[in-house]
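Q: From first to last, the protein sequence lines stand for chains A and B.
So the first sequence is numbered by numbering that gives the first Met the number 0: it starts at 0 and just counts up by one.
So the second sequence is numbered by numbering that gives the first Met the number 0: it starts at 0 and just counts up by one.
Each hint should be verified, as a subset may be incorrect.
[As the list claims (entries may be wrong)] In the DSBU-like style, the derived pairs of lysine-lysine whose C-alpha atoms are separated by at most 35 Å in a straight line are:
#1 Lys169(A) <-> Lys195(A)
#2 Lys137(A) <-> Lys73(B)
#3 Lys73(B) <-> Lys85(B)
#4 Lys85(B) <-> Lys137(A)
#5 Lys104(A) <-> Lys169(A)
#6 Lys104(A) <-> Lys195(A)
To be clear, the hints were calculated from the coordinates, so they are not data collected in a lab.
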Amino acid sequence: MAAIAPGGSGGMESPQARGVPGGRPPGLTLPIWRWVILLVAGVYFLIPLWAALRFAGIKALGSVVTQAGFGDALWLSVRLAIVTTVITILLMLPTAVYVHLRLPKVRRLLEGITILPIVIPPVVLSVGVLEVAPAYLKSTPYLLALIYVILAMPFAYRAIDAGLRALDLKTVVEASNSLGAGWITTLLRVVLPNLKTALLSATVLTVALVLGEFTMASLFLYQTFPVWIVVFDQTSGQISVAASLDALFVTWLFLMAITVFGTRQSRRTGGGEATLFSVARQETRGN
Amino acid sequence: MDQTVAASGAPGSLADPGASGSGPATQSRRAARLTGPGVLRWLRRVAGIVPFGVYVTLGLVIPMIAVAIGAFQKPNGGGFTMDNIKTATSGVYLHGFEQSIILSVVTAILPGIFGLLIAYAIFTARRGAILRRVAITASGVFANFGGVPLAFLFIATLGSSGLVTQWLSDLGFNPYDHGFNLYDLGGVAIVYMYFQIPLMVLVILPALEGLRPAWREAAENLGARTWQYWRYVGGPVLLPSFLGCVLLLFGSALAAYATAEALTSGAIPLTSIQIGSFLNGDVIPGQENVGKALGLGLVIIIAVAMVFYVMLQRRAAKWLR
Numbered sequence: 000m001a002a003i004a005p006g007g008s009g010g011m012e013s014p015q016a017r018g019v020p021g022g023r024p025p026g027l028t029l030p031i032w033r034w035v036i037l038l039v040a041g042v043y044f045l046i047p048l049w050a051a052l053r054f055a056g057i058k059a060l061g062s063v064v065t066q067a068g069f070g071d072a073l074w075l076s077v078r079l080a081i082v083t084t085v086i087t088i089l090l091m092l093p094t095a096v097y098v099h100l101r102l103p104k105v106r107r108l109l110e111g112i113t114i115l116p117i118v119i120p121p122v123v124l125s126v127g128v129l130e131v132a133p134a135y136l137k138s139t140p141y142l143l144a145l146i147y148v149i150l151a152m153p154f155a156y157r158a159i160d161a162g163l164r165a166l167d168l169k170t171v172v173e174a175s176n177s178l179g180a181g182w183i184t185t186l187l188r189v190v191l192p193n194l195k196t197a198l199l200s201a202t203v204l205t206v207a208l209v210l211g212e213f214t215m216a217s218l219f220l221y222q223t224f225p226v227w228i229v230v231f232d233q234t235s236g237q238i239s240v241a242a243s244l245d246a247l248f249v250t251w252l253f254l255m256a257i258t259v260f261g262t263r264q265s266r267r268t269g270g271g272e273a274t275l276f277s278v279a280r281q282e283t284r285g286n
Numbered sequence: 000m001d002q003t004v005a006a007s008g009a010p011g012s013l014a015d016p017g018a019s020g021s022g023p024a025t026q027s028r029r030a031a032r033l034t035g036p037g038v039l040r041w042l043r044r045v046a047g048i049v050p051f052g053v054y055v056t057l058g059l060v061i062p063m064i065a066v067a068i069g070a071f072q073k074p075n076g077g078g079f080t081m082d083n084i085k086t087a088t089s090g091v092y093l094h095g096f097e098q099s100i101i102l103s104v105v106t107a108i109l110p111g112i113f114g115l116l117i118a119y120a121i122f123t124a125r126r127g128a129i130l131r132r133v134a135i136t137a138s139g140v141f142a143n144f145g146g147v148p149l150a151f152l153f154i155a156t157l158g159s160s161g162l163v164t165q166w167l168s169d170l171g172f173n174p175y176d177h178g179f180n181l182y183d184l185g186g187v188a189i190v191y192m193y194f195q196i197p198l199m200v201l202v203i204l205p206a207l208e209g210l211r212p213a214w215r216e217a218a219e220n221l222g223a224r225t226w227q228y229w230r231y232v233g234g235p236v237l238l239p240s241f242l243g244c245v246l247l248l249f250g251s252a253l254a255a256y257a258t259a260e261a262l263t264s265g266a267i268p269l270t271s272i273q274i275g276s277f278l279n280g281d282v283i284p285g286q287e288n289v290g291k292a293l294g295l296g297l298v299i300i301i302a303v304a305m306v307f308y309v310m311l312q313r314r315a316a317k318w319l320r
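Here chain B stands alone, though its shape is the one from the complex (with noise of 0.2 Å):
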């Protein structure tokens, strides 16, 4: 391949000695790019990230294609099938997959807005003040909050005995009484909300601080008000990061396992917990590589949102430098 471009390049230079006015130094450094020796270098150039190329393959890429090959096997070995995506887009698991994604949009916009009102909040206090650096370390704690401890947290707090249940009813008002229960959807979306508003202060405030005060002085000194400004310069800069955010905080919760599973003892129908299930052994036989089909299902729909997201971050990056 690189001897076939060094040849054709070659005879083209010579035909036409004009044209490449700087002479025999830009023919070399060429045919040096194209030939043998560049390939060399370009190898030497990409090998400081060989070791965290071949760490990510191993780590990530191989065990994500084992679970997108597995999805389409039968269990033991067996050839090629359709019956596990069957399985996976139908009844129990069509209903985990509905749920989980009904989920993740309520605990990716909720705690996306409110996160990012926070993040404003803390933004608007002056560097370094305590206030600042509390909110931000514990955003940093809560963020990687979850699972068990996170679970205990909310039942001593919102369970059928815990201390705002007991707030309200004293009050009158027994939120069990009136529909409402901790270890349903609405009470796991209200849980998750303990890690997903951090994270959302966690990754908005960057683009936060890409808002330049000059744009906003430019806006007051041409007479904008507080709400023209919003509307006109901060809003439309700050969308696309913002409708970034929300799809990673979706992202996010689509991949929660450990809170719901220690919640509800993994009665929920949500698809993380249905593919935990799978792996603890809980199997109806010939059904083994359902739970690879379900994995497979959930990194195709985080899939399209990272396309989103990538897509949204790139439209971002051009006014946030």
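For reference, chain A alone in the conformation it holds in the complex (with noise of 0.2 Å):
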């Protein structure tokens, strides 16, 4: 109650002083309005977190790494997150880049297959993978980083291919090129050091899909640092709460980091901002 008070009053006194100062055209901002929506969302978004943080204490949110099979855990879901970043990076990279200068007719369909696993159910996937995976890959926790590259793939492609977008990419490569630079050197020396950005947000994007899978970690039987959150502490549930509060930050300082590097880095060289995601921009530039 106390926080929405002053708010109110504040939209009150300034729909009109607000719009000036900001140097914004008028009619571009809805500010009352504005503040009542995000403050909305901050009370959904924030008070489960906080909840959640009185529930478990403080203090336990350290006491986490010290519990019996964290590491164990831990170090698995860092191995498979490794894992599936590096062939991540090694298909997406060469794919992207190639359809963008070679096959631009294809990027469309590119972009509808690499959306598919954010809508095919991860547990009807499961099915498939078990039915048909040769036994040598069902008895090691790295086919599980085999599907998480398919489960990682729209949001490291849709960072990548928003990089590429970013740099245009045909001049600087014909630009390359003409200089007398072959295609390795022109890849590694002049499409890399542009695409930092876009592979540092694909690459965290990615590790935070594998830290945080449950699914597919849980009916493939490996005991995950989500899974181990779960089957570790049931019966308190402080710990568990303690961890999944710890994940959550750590992702988020993570992503924060680099939003505000690729950004800084972007304007230095005259590209947009950074984005996470971006659906309807690429299939509009497509057509």
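Using the hints, put the two chains back together into the complex; each one sits in its own frame.
A: As structure tokens, then:
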């Protein structure tokens, strides 16, 4: 209640005052309306976090690290994250670059394919994978990494694609070629450095996905970090809640760091803001 | 195939020399496209996307085909049968589909609208502003947040002894006395919005950025009021993208498994949970493949939604260039 009152009175006194000093064209902002929406959103998103924090207690946040099985579970998740990320980048980067340069008509198809894993239920994919995977793959947790590559595709592809578009790839590559650079030199010394931000955000999104994925890991019976969170401490739940919060905050900090870093860099190179996801934009340009 | 096309093309151009004005150059180029070397060149062009294609085929297409085939097979490698489909579309499983669809529709439309409003609020903030940065990265995190941690969060908040539940009972309104239950469909819907709203923000922001300030200015110069701008310009331009994003949310809600499983310990009749229980070995003998039939059902529902999505995006693309 107390939080709403100042926002409301602030809106009352300054609907005009606020638009002008910002230098924004009048009519483009709806200040009161905007603050109400963000306030409601803030309440909905922050109260559960706070409730969880209170339930777990601040001390539990640190004590997660010392629990039995924490190390093994985290190490498995980290290994999976590394393998997944390496395969994802090795697979998606050349494909995206190639399609941008040589097969622009295929881009639309590629966007369609890479969005599929968002909507194909992981449970159903698990059924299929367990059905067809050869035995030697089923006996290793790295089968999970291979499938996570598929799950990470929507985010990784979009991050890389956004980076490629900000770059004006064609001009850059032609310039590099006309200065006598071969393909490999161009890729490694011209394209890659320019895609640092895009690759970084693709990496973080992939890592976040792997570190948080529960459905497949639990169905395949591997104790990754998210599965450990549940299996461990089923009685009090405090450690589980604390571990969940830890994971959430760490991911968030990473993403914040990347967008700050990325925006600063792209401002220098004259590109756009670092974005995490873009669907409509790509489809429009591919047209 | 290529041979015959080339053969029929050649006499045509011989018989009609005047028609192909630019002469031998065009002719040889056309021949190159249609004959052996042309195919080779085409193969070389496509070679760059072969690894990706192979990976997707192995990791996505073949498993999904296996599910589809299994849906029509008797257990233990038996022959063709429709029994799985019949079981999957009756009784508790039919109920599961109904509940899943209701839940997905609700958690697509409400977060869709709310997410659009939030995205617009973020969008009108200055580029690079701290609010915008926090909101966008938070969306990235929360959209991927789900499963057990999310369930814990809400049990601590709206569970029978959760924080908000206690606040409300202190105010004399215990939601559990008024038909609320975190562990039924309504409760699950509230929890789903926690990742659905951020997902909406992420996918609709690019569409909002496609709204040109120039359109707004033009409308205002012509004397349009704010509501008129939205009614006649912004709304119609945004509508296809908005509906497309809502369909994406629908698919995402339908596919969600971990959150509902963790929250209700699998007690809620949703199709994805029912499939999961088949994988966990919770099976009546003779019904081993019903899980695949359920999976096929989910995929078909989502495929229908995706066809709509693609059609809508194509319409949206016309305006957002």
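Q: Please name the hints from earlier in the document that this structure breaks, with their numbers sorted from lowest to highest.
A: The structure breaks none of the hints.
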